[in-house]
Amino acid sequence: MFKKLVVTFGGLGLIRGIPGTFASLAAAVIYFAVWRLAGERTLPIMGGLTLLFAFLTAFTYPWARRIFATDDPRQFVLDEVVGQWLTLLFMPILIPIAASGRPMALTAAGFFLFRAFDVAKPFPIDRIERIRGWAGVLFDDVAAAIYAGAGLWLLVWLAALVTG
1 MFKKLVVTFG
11 GLGLIRGIPG
21 TFASLAAAVI
31 YFAVWRLAGE
41 RTLPIMGGLT
51 LLFAFLTAFT
61 YPWARRIFAT
71 DDPRQFVLDE
81 VVGQWLTLLF
91 MPILIPIAAS
101 GRPMALTAAG
111 FFLFRAFDVA
121 KPFPIDRIER
131 IRGWAGVLFD
141 DVAAAIYAGA
151 GLWLLVWLAA
161 LVTG
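Residue numbering for the sequence shown follows this note's numbering, beginning at 1 and increasing consecutively.
By construction, these hints were calculated from the structure, which means they are not laboratory data.
Cβ atoms here follow ideal geometry from the backbone N, Cα and C, with glycine treated the same way.
Errors might be hidden in some of the hints.
[Said to hold, decoys possible] Taking CB as the label site, the calculated pair distances span:
id: 1; residue 1: V29; residue 2: W153; range: 20 to 26 Å
id: 2; residue 1: A135; residue 2: V162; range: 24 to 30 Å
id: 3; residue 1: T163; residue 2: V29; range: 39 to 45 Å
id: 4; residue 1: G10; residue 2: V119; range: 18 to 24 Å
id: 5; residue 1: D126; residue 2: P44; range: 29 to 35 Å
id: 6; residue 1: L37; residue 2: T163; range: 39 to 45 Å
id: 7; residue 1: A69; residue 2: L154; range: 36 to 42 Å
id: 8; residue 1: M1; residue 2: I93; range: 28 to 34 Å
id: 9; residue 1: L56; residue 2: F112; range: 37 to 43 Å
id: 10; residue 1: L14; residue 2: V162; range: 38 to 44 Å
id: 11; residue 1: L158; residue 2: R74; range: 33 to 39 Å
id: 12; residue 1: R41; residue 2: I67; range: 16 to 22 Å
id: 13; residue 1: P44; residue 2: D71; range: 33 to 39 Å
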């Protein structure tokens with residue numbers, strides 16, 4: 001039962017419909033809460049948690065695959081958590097650069113960008129997803145996070161440019 005709670009991120013992966021979106025949303029809320037509470041210590045805290053969850057993804061994937069009887073179980077949402085946190089990882093650096101300086105808006109933008117890239121799977125994410133095993137499950141979300149993080153940086157740069 002404990003393993004199932006872990007791989008479903010507290011049961012969010014068991015929600016019908018869009019479990020990855022629910023897990024990403026919860027991860028974004030957690031990230032924002034840590035940022036509000038930890039301030040400048042957010043980067044090492046969330047960096048450590050992101051790494052821990054990446055390892056959890058690799059180590060728990062074989063069990064989840066067996067229990068849910070599929071190569072990429074929808075219930076297994078740790079990869080979405082890693083991707084969402086990776087997208088937001090450098091948000092504390094972006095906030096002083098952002099013209100608005102609104103961390104909630106940046107968090108929301110990071111959430112939507114990550115979900116968009118994770119769902120759309122532009123090249124090479126679509127190819128990475130085909131890698132068998134935990135690596136394909138995790139690294140397609142890492143690639144989506146890289147795209148989303150770059151998009152977040154671009155949005156901040158454009159906002160700073162427009163507002164002078």
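Status of the hints after comparison with the structure:
1. Range check, V29 to W153: about 22 Å between beta-carbon atoms, so the 20 to 26 Å window is met.
2. Distance hint check for A135 and V162: the Cβ-Cβ separation is about 40 Å, which falls outside the suggested range of 24 to 30 Å.
3. Remark: the range hint 39 to 45 Å for T163 to V29 is contradicted by a beta-carbon distance near 27 Å.
4. Distance hint check for G10 and V119: the Cβ-Cβ separation is about 22 Å, which falls inside the suggested range of 18 to 24 Å.
5. Separation of D126 from P44 is about 33 Å and conforms to the stated range, judged on CB atoms against 29 to 35 Å.
6. Separated by about 28 Å at the C-beta atoms, L37 and T163 break the suggested range of 39 to 45 Å.
7. Taking 36 to 42 Å as the suggested C-beta distance range, the pair A69 and L154 conforms, at roughly 40 Å.
8. Judged by the Cβ atoms, the range 28 to 34 Å given for M1 and I93 is violated: they are separated by roughly 39 Å.
9. For L56 and F112, the Cβ-Cβ distance of about 25 Å falls outside the hinted range of 37 to 43 Å, so the restraint is violated.
10. Evaluation of the 38 to 44 Å hint for L14 and V162 yields a pass: the beta carbon distance comes to about 43 Å.
11. Our hint of 33 to 39 Å for L158 and R74 holds, since their Cβ atoms are close to 35 Å apart.
12. In this structure the hint that R41 and I67 lie 16 to 22 Å apart at CB is violated, the actual value being about 36 Å.
13. For P44 paired with D71, a C-beta distance near 34 Å keeps the hint of 33 to 39 Å intact.
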